[in-house]
Each structure stands twice: as structure tokens, then as C-alpha cells.
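J.: The lines below spell out each chain.
Number of protein chains: 2
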Amino acid sequence: MSPTLNEIRAAAERIQPYAHRTPVLTSESLNRKVGAQVFLKCENFQKVGAFKFRGACNAVYSLTEEEAARGVCTHSSGNHAQALALAAKLRGIPAYIVMPNNAPAVKKNAVAGYGGLITFCEPTLEARENTLDGIRLESGATLVHPYDDERVIAGQGTAALELLQEIPDLDVLIAPVGGGGLLSGTAIAAGEIKPGIRVIAGEPEMADDAFRSMRAGVIIPSVNPKTVADGLLTSLGALTFPIIRQRVEQIVTVSEAGIIETMKYVWERLKIVIEPSAAVALAVLWEGKINLRGLKAGVILSGGNVDLEKLPW
Amino acid sequence: MSPTLNEIRAAAERIQPYAHRTPVLTSESLNRKVGAQVFLKCENFQKVGAFKFRGACNAVYSLTEEEAARGVCTHSSGNHAQALALAAKLRGIPAYIVMPNNAPAVKKNAVAGYGGLITFCEPTLEARENTLDGIRLESGATLVHPYDDERVIAGQGTAALELLQEIPDLDVLIAPVGGGGLLSGTAIAAGEIKPGIRVIAGEPEMADDAFRSMRAGVIIPSVNPKTVADGLLTSLGALTFPIIRQRVEQIVTVSEAGIIETMKYVWERLKIVIEPSAAVALAVLWEGKINLRGLKAGVILSGGNVDLEKLPW
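Same order as they appear, the protein sequences are chains A and B.
For what it's worth, my numbering labels the leading residue of the first sequence as 1, then goes sequentially.
For what it's worth, my numbering labels the leading residue of the second sequence as 1, then goes sequentially.
Misleading hints may appear alongside valid ones.
As the list claims (entries may be wrong) - Derived CB-CB ranges, DEER-like:
| no. | chain 1 | residue 1 | chain 2 | residue 2 | range |
| --- | --- | --- | --- | --- | --- |
| 1 | B | GLY92 | A | LEU308 | 57 to 63 Å |
| 2 | B | LYS89 | A | ASN291 | 29 to 35 Å |
| 3 | B | LEU295 | A | GLU13 | 48 to 54 Å |
| 4 | B | LEU143 | A | SER255 | 44 to 50 Å |
| 5 | A | ILE290 | B | THR124 | 49 to 55 Å |
| 6 | A | LYS33 | B | PRO168 | 36 to 42 Å |
| 7 | A | GLY113 | B | THR124 | 44 to 50 Å |
| 8 | B | GLU13 | A | TRP313 | 40 to 46 Å |
| 9 | B | ALA257 | A | VAL218 | 53 to 59 Å |
Since the hints were derived computationally from the structure, they do not count as laboratory data.
Everything numeric in this text was worked out from a predicted model, so none of it was measured.
From the three backbone atoms N, C-alpha and C, an ideal C-beta is built for every residue, glycine too.
Isolated chain A, as found in the complex (with noise of 0.2 Å):
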């Protein structure tokens, strides 16, 4: 099912004492280099740098004692992983995390610090099932998928609902797309709150399932892509992809040379550190493929966290 807005509210208030409110911020030279004004949510300065912490901690939060005592379980590539392993050390509840073992060095440290417990397999969508199903069974820990969950879809659209309680009157609103968590999130908070806002995805060309699966009208499977945004390698799932059909005006893919000279033009100008994923929803204005010309855009800055000893320039 589909989550609603009073279920997206519902996950603000639970997760309030726990995540950041993230700023807003702007620039004028950005506006001047894109043609539009725009406004960028920071997910970034989020916990565990990414927007990742609001969905995980919403459906950490939405268990009962029961359930919670014999803790959750998932797979991912990284940022999920440390928001669900934050989420659980915080309710005091174990968090078994299945990663892929060439996820970035500074993932793997994070997720450890935060207490999650890792299991690493092999870098594929099967080998990484496979090893959770596994412990699932073993510990009883309730899955809480990345993105194929109500409770997490509902938590990302927290990001979304801020970012209209503080500008209001936005024509356009952006996020990334990987597994399309935080794309349904969004798209359900802004078409609700404000019917006729378009919701638009921007999403890497060299791993474009996303865009291929809206032509086709079927989940149309990512395999091996290669991209910079390694947090956007994900397919889309039975749960998102109905609500991105309905919601999402188009998918607007952007080049790798655009989302490393957006991300690089951020943190040379904004002086802010965001991933390539979260540059991904910017470059969609950098690129200016679609025109968004003087219209007030709203950007889901996804999350901060890169290698600094793999930077992509």
C-alpha cells in the first residue's frame, strides 16, 4: 500500500526527537548559473549524512516492543545501512546490516561505528538476498527493505514535507531516483500538499532503469550499471514504482560529466560536501535539458557522504 500524507505527518512527529530538521539553503550564484531559484534541502547535514535516517528510523520507531526486541535486518549498499544501524542502536535493538564487500571504506567504518553488526557477500542483488534471508530466519529481525517498505517510504517523505512548510509557493520539486524510496516519499508529500506542484526525478543516464521502466510501464531491472552516483544502483520496486507512475511528471536523465561538475561546483561555491547521488537531482537544472527556466525548484540534497581519498575529479 501506498503511504498517505497523515502517514507521512505520522513519521515527522515520530522521528522528530531523533533526525535533524536540515537547512535550507540558497544561492544566488546558482540561481544565476541555472535560471531558476533555487532551493536546496540538506540531507547532507542530516544523521548519518543522508536522508536515508529519516525512513529507517521511522520504521525502527514504528515497531512494537516485540517485534523490536529481536531487531531488524537489511541489505545495502551503504547509506541505509548506517541510518538503520543509528536507528536501532538508538532504540537499543541490534541491527544486522548484509553489505556488499567493495562498498566504500568509509561506509563499512560507519556502519561498524554505529554498532551495526555486518555480514559482508558478494557485490549482486542476488548474492546479498540470499545472505539476508539467512539471518532473517536465524535471529527473527524484521526486514526493513530500503526502499520496498511503507514505513520508509513514509519516514523520506519527511524531507519533502519540511521543505513545503518552509517554502511553499515551490513550482517544481526534484530528488534523485535509485530504488525510488525517496521519490515516492516526496512525490506523495508534495502532490498532496500541494496539488499540481510537478515532482521531478533526475537520475544517472549510465543507470537509467528508472527512465527505461517509466517508457516501458514495467519494472525494468538495473544490471551492472556504472555510474559515479553510487547510491542510485538500485531498481525500482513493487511498492514505488506504482506510486512514481502516478506521481512523477518524467525522469530526466543526466550525463556523469554533469553530476561531477554540478557536485564539484557545490562544494567549490556552497562550500557544502554532498555525493554524487545527491548531485544527480541538481544536475537535472545544471543540464537544463528540460526547461525549469524562473520557476522556484525545490532540490533534495540526498546526502553527504563520499571517499574523500576517491573523489571523481
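Assemble chain B onto chain A, guided by the hints.
T.: Positioned in the frame of chain A, the structure of chain B alone reads:
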């Protein structure tokens, strides 16, 4: 003459239409790491990405109409040059900038981008001063020295003024020291607003001329220092040295490794871009050579202008 607190307050009013009131950030993980309650005054978010805009702006807007018409000039390795160029542009007057030919590309481009009229010279203090003298005599422009200038010192003091308005009960205030403009303004503002507050400077071990000058009681010039903190290469001035001797408790030197570790930590955990010179002040807490445990410590993060192609790790 040393500027007074009233002159710093006047500077704050004068620059208020042009400069950002920068945010004060905190981080629980940073507090745990250094064992103090740290309040970061984020001058990396200031116009041109550094505190230098405060002093330059105060100097430019202190000129009479007649003086202003002939323009301003200076020599600077970077941030002051950008700051003066922008302040002059805002007032609609020319800014003649003498820069060393080995300044980082990002800084050269930024000065040109703000409309500064650049003359390059050899990277020695002598070459800079000779080149500047020629330009000054020809144009009649007013020299705005990067630090040894009352108007500049008063402008730099406005950062500490704002920080103490927001966090009035600081025990200690730490700033980096290069030529001493920021440190002098900080020490005057802090000492006059809150007598008894401890003012401490951070300085790179590899450019420890201020440390040695304090010991010796006379200005010991900086000779070809080699440090990653390229904003702190200059020597103390005739105006800044006596202020620092009178008002600064001590200058603490920090290692190159400590500067780089601190800088990287801030990027990774706080998700903000700071330059090595900004990390120098925080490295005083990071390295813990002097005991500031449990104190409320303000730290002025001086700027965020970094060449992203040449990171020090």
C-alpha cells in the same frame, strides 16, 4: 592605532548590507572527539568564502567619495584579493590586485571573476611590495593592506562580535594567525565584550613566526614557510603584533598531520568544506597540546577556498 570595540561595532553596521551573518555550527561527535563544547563560526560561508570580506568591505566603505573614485589596491596570496575585488565591485570602484604567480588557480580565477585588475609578480614579499608601490603611485589608489590596517582589523573583529552575541558564555576563543588581522580583531572584540575570556591562536609548526615573535618580543619575519595552510604564510605587522602581545594568551603550534586530519574530519563529519588555514584553529583542540577540556570553545573557521584538484590527503 589599535581599533576600539566601538570601531568594530561601527564596522559591523557598515558591512551589514553586504556581508553574510555566518552560521555557528556544533557537532556532538566533534565535541566528544576533542572533549570540549565547540562552537564553529563558519566564515567559509562568508562572501568570497572567507572572513577576509569583512575587513576588505569595511575598508572600502570607509573611504570618502574622492578616495574611493581612485580605487583600492593590495597584494595578497588569495582570499584578501578576492575580498577586496568584490567589495570594490559592490562600491563600483577599481581594485588593483598584485598576486604571486604561484597562487592556486581557483583563487586567481575568483579574483578575475570579481573584476579585480590583477598584476602577477614573483612569490616573494619584496617583489609583491615593489610591484604594488608602482601601481599605487600611478593610480592614486588607496592601499588596503591584508592585515596591517585599522579598518581591516576592525572588520575582521565583527566575526567574534557576532559569535559572542550568539554564544555569550564562551570560555575561550581560538583563531588562526598569519599576519594577525583576524586574531587582532578577534582579541579586541572578545577582550572588550567579555573581560577574562581566553583568546588563543593556532599556527602551523611549519610557519611558526608568530609563536617565535611572541617568545622573542620582537617581530621575527616568516622566511619561506612550507605549510599546507597557505593562508598563514605572512609575518605579523607593526599594527597587529602589539595587539596580539597585549591580548592573546598564547600561540599554539599544530603539526601538518594535525591540520590535515582536522580538515578531513570536518569535511567527512560536518559535511562542510573548510580550507587548511581554517583547520589550524580547530587543530589546537584536536591535538590537545594545551588542556581545554570541558570548556566552551569558540573557533573561527576562517574560510573554505580550496583547490579541489589538489587536496592534501
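J.: So which of those numbered hints doesn't the model satisfy?
T.: 1, 3
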